[in-house]
Amino acid sequence: MKRLNIGMIGAGRISRVHTPNLVNRVTGARLVALADPDLEAARALCTPLGIERVVPDYRELLQDPDIDAVFICSPTDTHVEIALAAAGAGKHIFCEKPIDQDVSRIRKVIEAVESAGVKCQVGFNRRFDRNFRRIHELVREGALGEVQLVKISSRDPQAPPVSYVVGSGGIFADMTIHDFDMAAHLSGSRITEVSAVGSCLIDPGIGEAGDVDTCIVKLRLSSGALAVIDNSRQAVYGYDQRVEVFGSKGMVAAENERPNNTTLSLASGVYEEKPLWFFLERYTEAFVQEEQAFVDACLKDEPVPISARDSLAPVLVAIAAQKSCDLGGQPVKVEE
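Every letter in the sequence shown is one number past the one before it in our numbering, and letter 250, counting from 1, is 250.
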């Protein structure tokens with residue numbers, strides 16, 4: 001069987017998702033090495049998985065002619081530097097989102113990977129969720145008729161530390177960006193206009209850091225359809241991830257995933273399990289599917305499902321949303 005030799009860059013939280021998947025679950029993948037300055041953390045991740053090669057500098061992976069592709073799972077502010085170097089070395093790239101928060105820097109990566117002729121997939125994993133994939137299929141098949149409304153609720157189970165918020169780029173660039181991608185992907189239309197309002201209702205420290213922890217975003221799509229997104233940094237009952245698409249012929253909705261789908265009905269009440277706790281549990285299979293899609297695209301020399309160029313659109317929407325929120329909710333054209 002033909003294999004894709006992969007080098008992992010980073011040993012943090014998201015690498016701890018991708019690394020065991022590539023070793024154990026992704027057909028055609030061979031994870032041969034991991035690079036991270038924290039060698040202790042890197043070995044703790046690699047040793048139980050049988051990955052023997054651990055290095056402190058990602059450049060060692062790029063210089064290895066036997067490595068075909070790299071997964072960039074390092075901090076966001078390192079993505080551009082590593083992606084440019086990887087493209088220059090002729091390596092295919094899987095980069096966690098976002099490539100960067102600066103549009104000009106993202107465009108440099110787009111130009112570099114397209115000039116080098118390497119593949120670059122960006123990690124918008126929700127597109128690979130089985131429920132959201134089914135919604136996309138139904139819309140594409142015309143089962144709903146003309147899409148008119150899209151509603152997305154996306155709420156984290158607990159607020160991140162303020163130290164994370166400071167470097168995150170804000171709620172729109174860090175959290176809502178997934179929902180911007182989903183609104184466009186599921187509707188089949190571009191987002192053309194954004195109106196956003198936000199408030200700090202959970203952690204005053206987030207407000208002191210210049211961000212909001214609760215927001216509502218209204219979107220106008222190129223088809224004329226409308227979409228609304230609500231976000232909260234803290235849903236005490238678990239990771240709340242629901243989507244509804246309404247069209248001229250009907251409606252389709254995806255509800256939360258739970259540990260089981262049983263409903264217990266008693267005289268005292270009706271009981272169901274709470275949603276799965278966070279994205280690592282909720283999107284376990286989606287991560288595997290996006291990894292498989294990348295490996296397949298590289299081995300079969302096919303386009304990746306979410307390219308570096310594709311990933312620019314939700315970043316532009318996030319910038320527009322932040323501008324709208326700063327202006328008290330005034331509509332902002334994405335093209336601006």
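Don't read these hints as lab results, they were simulated from the structure.
Hints may be right or wrong, so weigh each one.
Stated by the list, open to error - Label pairs and their calculated CB-CB ranges:
1) Val162 with Asp326: 18 to 28 angstroms
2) Thr284 with Lys323: 28 to 38 angstroms
3) Leu327 with Val270: 25 to 35 angstroms
4) Gln234 with Glu302: 12 to 22 angstroms
Said to hold, decoys possible - Mimicking EDC-like on lysine to aspartate or glutamate, the simulated pairs with C-alpha atoms at most 16 angstroms apart in a straight line are:
5) Lys249 with Glu146
6) Lys300 with Asp68
7) Lys119 with Asp296
8) Lys323 with Glu193
Virtual Cβ for every residue (Gly too), placed ideally from N, Cα, C.
Verification of the hints:
1. Val162 with Asp326: 18 to 28 angstroms: 20 angstroms, holds
2. Thr284 with Lys323: 28 to 38 angstroms: This hint holds: roughly 35 angstroms between Cβ atoms.
3. Leu327 with Val270: 25 to 35 angstroms: 44 angstroms, violated
4. Gln234 with Glu302: 12 to 22 angstroms: Violated, since glutamine 234 and glutamate 302 (Cβ atoms, about 41 angstroms apart) do not stay within the stated range.
5. Lys249 with Glu146: The given pair, whose Cα atoms are some 7 angstroms apart, holds under the 16 angstroms limit.
6. Lys300 with Asp68: 13 angstroms, holds
7. Lys119 with Asp296: 11 angstroms, holds
8. Lys323 with Glu193: 12 angstroms, holds
In this structure, the hints that do not hold are numbers 3, 4, in rising order.
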